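**Student:** Residue numbers (my numbering), protein chains in the order written: chain R, 334 to 455; chain D, 176 to 272; chain X, 193 to 352; chain Z, 4 to 149.
Simulated from the structure, these hints should not be mistaken for laboratory data.
It cannot be assumed that every hint is accurate.
[To be verified] Below, simulated SDA-like cross-link-like pairs (lysine to any residue); rule was C-alpha separation at most 25 Å, straight line:
no., chain 1, residue 1, chain 2, residue 2
1, X, Lys-254, X, Arg-342
2, X, Lys-254, R, Gly-406
3, X, Lys-272, D, Phe-185
4, Z, Lys-61, Z, Tyr-135
5, Z, Lys-73, Z, Ala-83
6, X, Lys-293, X, Asp-338
7, X, Lys-214, D, Ile-234
8, X, Lys-254, X, Ala-204
9, Z, Lys-61, X, Asp-295
10, X, Lys-265, R, Val-355
11, X, Lys-265, X, Lys-293
12, X, Lys-214, D, Phe-231
13, X, Lys-214, Z, His-105
Predicted, not measured: the structure shown is a model, and the values here were computed from it.
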Amino acid sequence: MAEMLIAGIVWVLIVSGAFFTVIGAIGIVRFPDFWSRLHAASVSDSAGMILLLAGMCVFAGWSLITVKLIVIGVVLFITGPTSTHAVANAALVSGLRPPEGKGLTGTEPEPLPDPAAETTPI
Amino acid sequence: MFVLATIAVFAAMLLVLYRLYAGPTLYDRVLAVNAFGTHTVLLIGIMGFLSGRPEFLDIALLYALINFVGTIAILKFFRYRAIGDVLHASAEDEGET
Amino acid sequence: MRTIGAFVFLIALWLLLSGIYKPMIIGFGAASVLVALLVVRRMDGVDEDRVDQQLDAVASIKYFFWLMAEIAKANWNVTKVILAPRMPIRQHLFAVPHSQKTDLAQVVFANSITLTPGTITVETESDGFLVHAVAYSTDDRAALADMNRRVAAIERGGSA
Amino acid sequence: MRHHLILRVVTKLLVGCIILFAFYVQFHGDFSPGGGFQAGVIMAVAFILYGIVFGLRKVQAVFPPWVVHKMVALGVLIYAGTGVVSLFLGYGFLDYGAFAPHHPSHGQHYGILAVEFGVGVTVTGVMVAIYYAFAARPARLSDEEW
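Using the sequences and the hints given, assemble the complete structure.
**Tutor:** Structure follows, in structure tokens:
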């Protein structure tokens with residue numbers, strides 16, 4: 334009975350994690366501009382990663398493998414948002430600005446000392 | 176179940192690769208590389224379970240670290256065209272405090 | 193005190209990672225932890241930029257679970273945006289004030305904003321963060337102010 | 004320096020853990036995938052991350068170039084020294100049986116540990132030296148260029 338329950342939990346966690354991972358990737362392809370793509374990447378970074386690792390943890394049971402999975406989770410939990418922030422920050426500094434939604438004006442940051450580079454496709 | 180997850184992560188990686196190929200700006204590409212790295216970490220973990228050799232997790236952890244450092248290095252290089260000290264950059268940083 | 197805390201943390205990390213409890217390996221572990229601490233101390237001396245751990249443990253754990261719930265909700269919202277045929281995007285870049293005192297708590301707040309899909313910290317300044325939202329509504333400001341209060345509460349000596 | 008607040012704090016938190024992870028890979032080379040080469044690369048990654056975020060001058064104050072250059076040679080010395088010691092004990096070059104005559108497998112173990120340690124030291128030194136060499140290249144940044 335308990336085994337069935339654990340198997341069910343693992344199944345739900347892994348499948349939903351896989352679902353969110355794919356959703357994030359679809360968002361990365363589908364969204365129209367860079368700034369919205371950042372948010373799509375953040376979906377698979379947070380939900381997909383947490384759910385998949387949690388599923389693997391429950392599957393492995395109490396062992397050192399679980400500990401390693403948790404360590405990987407913590408590392409991704411810290412570095413994931415940090416690198417997202419770094420990409421966004423670099424894009425902002427290089428002069429890329431998000432298109433504002435209808436009726437909104439962005440709080441334009443004061444012009445940075447850097448010569449705002451053209452975002453030429455590389 | 177793990178097979179399903181493997182297929183899903185593979186599909187996600189292919190989609191991200193499309194963005195890496197098409198992404199109009201440099202930052203789209205860096206974003207795609209970073210997402211690809213996260214997916215690789217997950218894939219290594221899942222494959223470890225699938226093949227019954229969970230000691231691959233060490234490699235997954237290593238890959239997560241390298242992915243982070245690589246992203247930061249690429250960003251810094253394309254910002255300053257150098258990975259060391261840049262004179263006007265450090266002056267700017269210390270001026271802000 | 194801080195060094196002792198770091199030592200205990202690192203040696204626990206070693207024991208958990210290693211899984212081999214022979215005296216020789218544990219000895220190597222202790223030596224490695226000492227070397228790692230030495231290097232980190234040198235780094236602290238060079239950049240004079242210490243990260244002081246001033247977070248309340250119990251409050252942090254409570255905050256973590258609250259954050260998980262927030263991430264789940266935000267994920268669902270962004271998933272709806274991604275899957276909607278017309279993609280109701282309403283992007284906005286706005287400033288969010290923060291009231292944490294220490295650097296570490298500010299980073300926790302900034303990374304929490306980034307972790308919840310839908311909002312990303314773009315720039316950190318001394319008086320506030322610049323946050324980008326993909327589907328902006330006026331609720332976002334209230335939600336972030338709430339998060340700001342909760343992060344300020346996990347600082348040691350904060351109100352909670 | 005408010006601009007890179009998140010990067011600086013996260014780097015500070017991670018560097019110690021990365022160094023410990025490098026040692027873990029170093030000393031568990033014969034139980035799980037890993038060994039001297041990988042450990043050296045991870046160790047170098049810790050310093051490279053620090054150098055990227057805080058600047059070359061600060062990482063060179065932590066880990067001076069002369070130490071790096073000595074480490075490159077020291078690793079090779081440890082490696083070759085292991086072989087020469089076994090030679091002096093009356094065995095072949097790098098014949099690990101020399102270190103525990105009654106337990107050849109234990110001798111193997113000790114010998115491999117020593118050799119791997121030498122490899123790790125050299126790889127750390129070489130990787131960090133390569134990073135220093137690249138990072139010390141002056142940035143010729145002209146406004147027209149990008």
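**Student:** So, against the hints stated earlier in the document, which numbers end up violated here?
**Tutor:** 11
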